[in-house]
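Use the sequences and the hints to build the structure in full.
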Amino acid sequence: MIKATLVTPFPPQPTGLADYAKRILSLTEGQVEWTVAYPEAALPLEGYHCVPISKLHKEDLNGAVVYQVGNSPHCEEVIEALLTHGGTGLFHETNMHHVLRNRADSSGDWKSYKDHVVHEYGKKSDSLMELMEKKAKNLSEYDRRLRKNPLVGKLASASSIIAVLSDTAKLEMEKIAQGKPVVRMGFLPDFLERAEKPEKNDDTLIIGIAGTFHYGRSWEEMVNAVAMLRRTVDCRLLVAGGGWPETDSPWITVTGRLSDREFREQIEQFDIAIDLRHHTCGETSGSMMDILRSGIPAVVSAEGSFRDIPANAVLRIPSESGAGGAYAAFKYLLNSAEVRSAISESAANYFADISDRKKCLAEWLDLLRRGESEH
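Residue numbering for the sequence shown follows the numbering used here, starting at 57 and increasing by one per position.
Note that these hints are calculated values from the structure, not bench results. Because the structure is a prediction, the values reported are computed rather than measured. Every residue, glycine too, gets a C-beta built ideally from N, C-alpha and C. Mixed in with the good hints, there may be bad ones.
[Unchecked claim] Taking lysine-lysine pairs in the DSS-like style, the calculated list, with each CA pair at most 30 Å apart, reads:
| no. | residue 1 | residue 2 |
| --- | --- | --- |
| 1 | Lys111 | Lys170 |
| 2 | Lys414 | Lys236 |
| 3 | Lys210 | Lys180 |
| 4 | Lys415 | Lys231 |
| 5 | Lys226 | Lys415 |
| 6 | Lys59 | Lys415 |
| 7 | Lys414 | Lys78 |
| 8 | Lys236 | Lys204 |
| 9 | Lys236 | Lys253 |
| 10 | Lys193 | Lys59 |
| 11 | Lys114 | Lys210 |
| 12 | Lys59 | Lys111 |
| 13 | Lys170 | Lys210 |
| 14 | Lys204 | Lys170 |
| 15 | Lys204 | Lys191 |
| 16 | Lys253 | Lys387 |
| 17 | Lys236 | Lys114 |
| 18 | Lys191 | Lys111 |
| 19 | Lys415 | Lys236 |
| 20 | Lys78 | Lys210 |
| 21 | Lys210 | Lys59 |
| 22 | Lys387 | Lys414 |
| 23 | Lys179 | Lys193 |
| 24 | Lys111 | Lys167 |
[Claimed, not checked] Derived DEER-like restraints, expressed as beta-carbon distance ranges:
| no. | residue 1 | residue 2 | range |
| --- | --- | --- | --- |
| 25 | Glu428 | Glu85 | 14 to 20 Å |
| 26 | Val289 | Lys414 | 38 to 44 Å |
| 27 | Arg200 | Asp165 | 38 to 44 Å |
| 28 | Lys179 | Pro374 | 32 to 38 Å |
| 29 | Lys193 | Pro374 | 21 to 27 Å |
| 30 | Pro237 | Met185 | 55 to 61 Å |
| 31 | Glu102 | Arg286 | 44 to 50 Å |
| 32 | His175 | Pro374 | 21 to 27 Å |
| 33 | Glu255 | Asn194 | 42 to 48 Å |
| 34 | Met185 | Asp223 | 43 to 49 Å |
| 35 | Leu248 | Ala393 | 27 to 33 Å |
| 36 | Thr288 | Asp161 | 44 to 50 Å |
| 37 | Thr140 | Leu187 | 28 to 34 Å |
| 38 | Arg200 | Thr268 | 16 to 22 Å |
Structural data, given as structure tokens:
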């Protein structure tokens, strides 16, 4: 039995990393004796030795120590623990500027924030600090500044081993943390049985968006693409996830945040999925993985980890093509049932390969053994 510590967001925190933590525990059940360190906003899980991150001491750090690091406020305590204790970093993004800036803003600790900037940008750090201090026109512009100026280097330096979930993230982290071992891990599914595809009550085409809103997701362009399609095709937009802008359009339905099971059931209603992004933070989209698992043809922008998906498993469009490019992609798919079927099969096969339970378990056990020797 391997002993290890998982420092992570945890339910009921409303973040995909909290759900992913449960997947890690489920995958390794019977193989790993975990200590789970969780933030103040989370709750302990019965059957595991759990300790609040605020009370984490050296004696709690048994064997390998894995930190789930993501670019959201839910990860602030995890990041502080990584900087304090070190260990294996499982990076769900390769840019943590949002969470680091938010931490400084909420705590008033601007010195630590500047330390991150200096570590990353050296002589150019003063210029970046000046840029970030300028008043932005709106939240979208401010978000774009954070995305275009990555911060992750100090966290990578604190990690003895870096684990990532995509080939793109691996290449990025190898550049940032030269000499550090960077390990590409498979993506863990929710281990639920596939939800049944519901019978359609009419011929209305359902275009679907899955996951949580953030400013890197091109909401207006996706809506405009579906609006263009509606001129000639009976269709509507179904958004499975929370945080999206309010809309009074009768042909748009937004579900809000859902449980894993409810999320899967909503995705199965999609005929075609769309996910357009810009200036990604190197995230591996769990929602896109669920779409691929269900074999749903998807139109995606050629950004970030979307470029790692095989060309025959999605329909990629240039980021700058916007709503018009997405509309053209929709028409292309609708004009060829054979193409839709081929993409669907390739998508499901790709997901099955990168999320194979035996492969993923072997990768995790190897990562923990390496982390144990490094710790």
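Going down the list of hints, with the structure as the test:
1. Lys111 - Lys170: 27 Å, holds
2. Lys414 - Lys236: Between Lys414 and Lys236 the Cα gap is close to 26 Å, so the pair holds against 30 Å.
3. Lys210 - Lys180: Holds. Lys210 to Lys180 sits at ~16 Å (cutoff 30 Å).
4. Lys415 - Lys231: At roughly 26 Å apart (the allowed maximum being 30 Å), Lys231 and Lys415 satisfy the hint.
5. Lys226 - Lys415: 18 Å, holds
6. Lys59 - Lys415: Given that 30 Å is the threshold and the Cα spacing comes to 20 Å, the pair holds.
7. Lys414 - Lys78: Satisfied, since the Cα-Cα distance of roughly 17 Å is no more than 30 Å.
8. Lys236 - Lys204: It holds: about 24 Å lies between the C-alpha atoms, which stays within 30 Å.
9. Lys236 - Lys253: Status violated; Cα separation ~44 Å.
10. Lys193 - Lys59: Given pair Lys193, Lys59 is violated - Cα atoms ~50 Å apart, limit 30 Å.
11. Lys114 - Lys210: 21 Å, holds
12. Lys59 - Lys111: With a Cα-Cα distance of about 19 Å, the restraint between Lys59 and Lys111 holds, given a limit of 30 Å.
13. Lys170 - Lys210: 11 Å, holds
14. Lys204 - Lys170: 17 Å, holds
15. Lys204 - Lys191: 16 Å, holds
16. Lys253 - Lys387: 23 Å, holds
17. Lys236 - Lys114: 23 Å, holds
18. Lys191 - Lys111: Given that 30 Å is the threshold and the Cα spacing comes to 38 Å, the pair is violated.
19. Lys415 - Lys236: Judged against 30 Å, a Cα distance of about 23 Å means the pair holds.
20. Lys78 - Lys210: Measuring from Cα to Cα gives roughly 27 Å; hence the hint holds.
21. Lys210 - Lys59: Holds, because 27 Å separates the two Cα atoms, which is no more than 30 Å.
22. Lys387 - Lys414: 39 Å, violated
23. Lys179 - Lys193: 27 Å, holds
24. Lys111 - Lys167: 24 Å, holds
25. Glu428 - Glu85: 14 to 20 Å: 19 Å, holds
26. Val289 - Lys414: 38 to 44 Å: With Cβ atoms ~42 Å apart, the hint holds.
27. Arg200 - Asp165: 38 to 44 Å: Hint violated: Cβ distance 24 Å, outside 38 to 44 Å.
28. Lys179 - Pro374: 32 to 38 Å: 34 Å, holds
29. Lys193 - Pro374: 21 to 27 Å: 26 Å, holds
30. Pro237 - Met185: 55 to 61 Å: 32 Å, violated
31. Glu102 - Arg286: 44 to 50 Å: 49 Å, holds
32. His175 - Pro374: 21 to 27 Å: The hinted range 21 to 27 Å is violated for His175 and Pro374, with Cβ atoms some 34 Å apart.
33. Glu255 - Asn194: 42 to 48 Å: About 43 Å separates the Cβ atoms of Glu255 and Asn194, which means 42 to 48 Å holds.
34. Met185 - Asp223: 43 to 49 Å: Roughly 33 Å apart at Cβ, these two residues miss the hinted range, so it is violated.
35. Leu248 - Ala393: 27 to 33 Å: 29 Å, holds
36. Thr288 - Asp161: 44 to 50 Å: 47 Å, holds
37. Thr140 - Leu187: 28 to 34 Å: Roughly 29 Å apart at Cβ, these two residues keep to the hinted range, so it holds.
38. Arg200 - Thr268: 16 to 22 Å: 18 Å, holds
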